[in-house]
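Asker: These protein sequence lines map, in sequence, to chains A and B. The numbering of the first sequence is this note's numbering, which starts it at 1 and goes up by one. The numbering of the second sequence is this note's numbering, which starts it at 1 and goes up by one.
Hints are not guaranteed to be accurate.
All copies of an identical chain are treated as equivalent in the list; a pair is satisfied when it fits inside any one copy or across any two copies.
Under the rule of at most 25 Å between Cα atoms (straight-line distance), these lysine to any residue pairs were calculated in the SDA-like manner [claimed, not checked]:
(1) K185 <-> S77
(2) K89 <-> L176
(3) K85 <-> G151
(4) K185 <-> F86
(5) K184 <-> Y205
(6) K116 <-> R177
Bear in mind the hints are in silico, worked out from the structure with no lab data behind them.
2 protein chains.
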Amino acid sequence: MEIEIKKKVLNANDSKAEENRQRFSKDKIIAVNMMASPGAGKTTLILSMLEELKNLKINGKKSQYSTAVIEGDLASSIDTDKIKKFGWKAVQINTGGGCHLTAQMITKVYPELKLKGPGIVFIENIGNLVCTAEFDLGEQIRLVVTSVPEGDDKPIKYPAMFQNADIVAINKADTLRHFNFDVKKFEEGVRLINPKVKIFTVSAYTGMGVHELL
Amino acid sequence: MEIEIKKKVLNANDSKAEENRQRFSKDKIIAVNMMASPGAGKTTLILSMLEELKNLKINGKKSQYSTAVIEGDLASSIDTDKIKKFGWKAVQINTGGGCHLTAQMITKVYPELKLKGPGIVFIENIGNLVCTAEFDLGEQIRLVVTSVPEGDDKPIKYPAMFQNADIVAINKADTLRHFNFDVKKFEEGVRLINPKVKIFTVSAYTGMGVHELL
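Build the full structure now, drawing on both the sequences and the hints.
Answerer: Rendered as structure tokens:
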């Protein structure tokens with residue numbers, strides 16, 4: 001009974017996700033679903049990528065990407081305020097107690113951003129290595145952010161999160177010498193469950209590796 | 001309809017939790033439900049507390065507490081293996097995809113530990129700042145572990161977790177100088193939603209503050 005209900009909810013989510021995907025594609029927008037533990041540095045990484053995108057040159061010419069952020073949080077608008085303070089477009093979703101964003105929440109707020117492609121929308125999901133993995137938002141890219149202080153055993157302990165990732169970013173790499181984090185062991189753990197994933201080592205704080213990640 | 005079902009599940013959990021609480025009390029066992037983000041250092045803190053308990057003297061006499069650990073993880077037995085390696089009693093719960101432990105899971109595994117009080121059982125919940133907060137396991141103490149690298153804004157972003165905590169431990173305090181973490185701001189954030197909570201600054205890695213926490 002419980003499983004059946006869950007299945008119905010997921011299917012409703014999936015059809016909304018498909019709708020979002022078509023809308024993004026029509027608008028020439030790449031949607032990036034960013035998932036991580038609380039405090040892994042998603043917001044700082046988004047700010048760092050937005051800055052890098054602004055200065056990006058393609059064939060010697062400045063790129064003209066539209067950019068925006070959809071911020072998911074249980075409560076508060078701390079992150080949206082932070083992003084807007086730097087002059088970027090952002091919209092906040094508060095889930096109340098909900099541990100993940102749903103496709104429907106994205107459908108609702110996305111038009112507010114009035115994005116004109118080509119461009120990128122970063123969706124910062126709720127800080128959670130479990131629930132968020134199950135809900136397709138219609139994104140083209142799933143970016144899982146892990147951070148050095150969390151330890152190198154996360155892929156084995158939270159396999160579903162890493163299984164469906166397109167890209168994994170190891171953040172806070174500037175603190176590697178202060179923690180027992182074995183990059184090779186972590187990468188092997190990820191590839192064991194997801195051989196095709198791309199892994200980047202970055203520091204959103206110093207900007208290291210952010211260009212390569214983009 | 002969805003809310004009604006959730007309520008029923010919670011009530012079933014609550015009655016099992018009450019059953020656990022009576023059993024713990026009868027056995028003279030203090031159960032500590034430890035909740036945190038993934039990688040906040042719950043396992044290392046448990047090991048540090050077990051070591052401290054072993055050496056604890058009460059009125060000049062060595063304490064004779066029974067101790068054990070119930071480990072919750074989505075998958076793997078990494079943490080249980082780690083704890084057993086140091087010679088402590090431990091039992092593993094794997095939730096599959098479940099983002100929190102339930103009272104029933106505790107009812108099932110607790111007898112395997114064959115604990116004789118007075119003693120302490122540390123229950124390491126799934127690494128998650130959202131779902132775990134909703135499920136009473138029958139514990140007498142709710143210990144929320146946060147860590148310095150996660151940032152000082154967590155109480156405002158994950159209020160439910162901090163609202164029902166008896167104790168909050170700020171872990172990885174040995175790395176304070178490497179991160180922008182304002183202890184005072186964090187403490188104010190917690191007390192705003194939970195004025196009665198006790199807050200301790202610790203380092204499970206160096207052992208700092210663990211005696212005071214216990």
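Asker: Each hint needs a verdict: does it hold in this structure or not?
Answerer: Hints, verified against the model:
1. K185 <-> S77: between (36 Å within a copy, 17 Å between copies)
2. K89 <-> L176: neither (32 Å within a copy, 32 Å between copies)
3. K85 <-> G151: For K85 and G151, only the inter-copy Cα distance (19 Å) is at most 25 Å; the intra-copy one is 32 Å.
4. K185 <-> F86: between (36 Å within a copy, 22 Å between copies)
5. K184 <-> Y205: both (22 Å within a copy, 22 Å between copies)
6. K116 <-> R177: neither (43 Å within a copy, 43 Å between copies)
This entry does not satisfy hints 2 and 6, going by the numbered hints stated previously.
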